[in-house]
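Under the numbering used here, the first residue of the sequence shown is numbered 1, with each subsequent residue one higher.
What the hints contain is simulated information worked out from the structure, not anything from laboratory work.
Incorrect hints may appear among the rest.
[Claimed, not checked] Calculated pairs, PhoX-like style, for lysine-lysine (alpha carbon to alpha carbon, straight line, at most 20 Å):
id: 1; residue 1: Lys288; residue 2: Lys328
id: 2; residue 1: Lys355; residue 2: Lys288
id: 3; residue 1: Lys32; residue 2: Lys7
id: 4; residue 1: Lys7; residue 2: Lys214
id: 5; residue 1: Lys7; residue 2: Lys348
id: 6; residue 1: Lys252; residue 2: Lys293
id: 7; residue 1: Lys258; residue 2: Lys348
id: 8; residue 1: Lys90; residue 2: Lys120
id: 9; residue 1: Lys355; residue 2: Lys343
id: 10; residue 1: Lys297; residue 2: Lys355
id: 11; residue 1: Lys328; residue 2: Lys314
id: 12; residue 1: Lys214; residue 2: Lys202
id: 13; residue 1: Lys314; residue 2: Lys288
id: 14; residue 1: Lys122; residue 2: Lys252
id: 15; residue 1: Lys293; residue 2: Lys355
id: 16; residue 1: Lys288; residue 2: Lys275
id: 17; residue 1: Lys314; residue 2: Lys90
id: 18; residue 1: Lys15; residue 2: Lys32
id: 19; residue 1: Lys252; residue 2: Lys275
id: 20; residue 1: Lys214; residue 2: Lys252
id: 21; residue 1: Lys252; residue 2: Lys343
id: 22; residue 1: Lys275; residue 2: Lys163
id: 23; residue 1: Lys252; residue 2: Lys348
id: 24; residue 1: Lys293; residue 2: Lys343
id: 25; residue 1: Lys122; residue 2: Lys90
id: 26; residue 1: Lys258; residue 2: Lys355
id: 27; residue 1: Lys15; residue 2: Lys36
id: 28; residue 1: Lys297; residue 2: Lys348
id: 29; residue 1: Lys258; residue 2: Lys343
id: 30; residue 1: Lys36; residue 2: Lys7
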Amino acid sequence: MRYPVYKPEITKNEKIYVNECLDSTWISSRGKFIEKFESAVASFVDVENAIAVCNGTVALHLAIEAYGIGAGDEVIIPDFTYIATANAVKYTGAQVVLADVNLNSWNITVENIDRCLTPKTKAVIVTDIYGTPPEMDEIREYCSIKNLILIEDAAESLGAVYKTQKAGNLADVATLSFFGNKTITTGEGGMVLTNNNEIAQKIRKLMNQGNSEKVRYYHDILGYNYRMTNIQAAIGYAQMQRIGSIINRKRKIFEIYKNELDGLVQFQEIQEHTKSSYWMVSFLLRDKFSRNKLMTKLEENGIETRPFFYPVNKMPFYENCGNLDTEKLSDTGINVPSYPTLKEEDIKWICSIIKNNL
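Construct the complete structure from the given sequences, taking the supplied hints into account.
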């Protein structure tokens, strides 16, 4: 048997709704499921505006561009994040500035943001890494004092809670991803979330080729074709109908792993006032050699794993702004299978292989 790191759970409603799109011929970027999906996510996250787009990367691009950020500006992002966070900044012409992350929480901190601040800084992007938001009260206060736009990359954290607020509603604007390995999926897809109606209106215009709100096929600003299809939204709407049970199952899977492996590996430090979505079950090993050896042994037993993201500073186009902790995370981190249909006995068997090869 093969155990992938992740696979989506597809049930009958996804098929029913997709077939409804096919039967009605509403298969492109218009149709009832787009609004239904947007409303379902907005209600779940408790945010005013949810704008469905074709993937999470363009969601970030729209969020940044809607605030007028561009050439001559700097945007601070964590060095430990998926490359899309950095690329979306670069698309606008702005300069990426990389902040180190905390070795225990794996997230960006106010102290590390402050080290990167310059007169050109216009925004900060936080990533809720592997499903866990950083200390947002401190970061929000800092950004407010410094007059910085705060963007939450919540691609991995749908369902997470920081104090009393849902991930996706922790900043001026937030973005989601619905790629096939995310907590809910549309195959490919993304969403921009905001309580700012003016920004939401601008994003809807930008993602629809800059089309005038008053005159159809009159494009008065440079825009993009970033729309989501009705078929994608149909899948997402079906997934949202059971989002609670998916999140609960993800948390249960993490609990089993933690009970089996606690003290043997290093899990992410999560504060009591934060509930992670546990998008991935992730932990650190002693060193890079131990991590790679374990990945090889797990693969021999049909268990797929994933290393942590490479630091952004190791990619072409991007410069350093502190990277020691980030490099250690990248070298020693591993993600193990955590898809919702994974059974308890299978998790315990996977853990037995891990224990025997530490």
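Here is how each hint holds up against the structure:
1. Lys288 - Lys328: holds (8 Å)
2. Lys355 - Lys288: Judged against 20 Å, a Cα distance of about 17 Å means the pair holds.
3. Lys32 - Lys7: violated (27 Å)
4. Lys7 - Lys214: At roughly 43 Å apart (the allowed maximum being 20 Å), Lys214 and Lys7 break the hint.
5. Lys7 - Lys348: The hint holds at about 19 Å.
6. Lys252 - Lys293: Roughly 27 Å separates the two Cα atoms, so the pair is violated.
7. Lys258 - Lys348: holds (11 Å)
8. Lys90 - Lys120: Holds, at about 15 Å.
9. Lys355 - Lys343: With a Cα-Cα distance of about 18 Å, the restraint between Lys355 and Lys343 holds, given a limit of 20 Å.
10. Lys297 - Lys355: holds (11 Å)
11. Lys328 - Lys314: holds (13 Å)
12. Lys214 - Lys202: holds (14 Å)
13. Lys314 - Lys288: Roughly 16 Å between the alpha carbons, so the hint for Lys314 and Lys288 holds.
14. Lys122 - Lys252: violated (40 Å)
15. Lys293 - Lys355: OK: Lys293 and Lys355 at ~13 Å, within 20 Å.
16. Lys288 - Lys275: With a Cα-Cα distance of about 29 Å, the restraint between Lys288 and Lys275 is violated, given a limit of 20 Å.
17. Lys314 - Lys90: With Cα atoms ~16 Å apart, Lys314 and Lys90 stay inside 20 Å; holds.
18. Lys15 - Lys32: holds (16 Å)
19. Lys252 - Lys275: Holds - the C-alpha atoms of Lys275 and Lys252 are around 12 Å apart, at most 20 Å.
20. Lys214 - Lys252: At roughly 49 Å apart (the allowed maximum being 20 Å), Lys252 and Lys214 break the hint.
21. Lys252 - Lys343: holds (10 Å)
22. Lys275 - Lys163: holds (8 Å)
23. Lys252 - Lys348: holds (13 Å)
24. Lys293 - Lys343: Violated - the C-alpha atoms of Lys343 and Lys293 are around 25 Å apart, more than 20 Å.
25. Lys122 - Lys90: With Cα atoms ~14 Å apart, Lys122 and Lys90 stay inside 20 Å; holds.
26. Lys258 - Lys355: holds (12 Å)
27. Lys15 - Lys36: Answer holds: Lys15 to Lys36 is near 16 Å, not above 20 Å.
28. Lys297 - Lys348: OK: Lys297 and Lys348 at ~16 Å, within 20 Å.
29. Lys258 - Lys343: Answer holds: Lys258 to Lys343 is near 15 Å, not above 20 Å.
30. Lys36 - Lys7: violated (24 Å)
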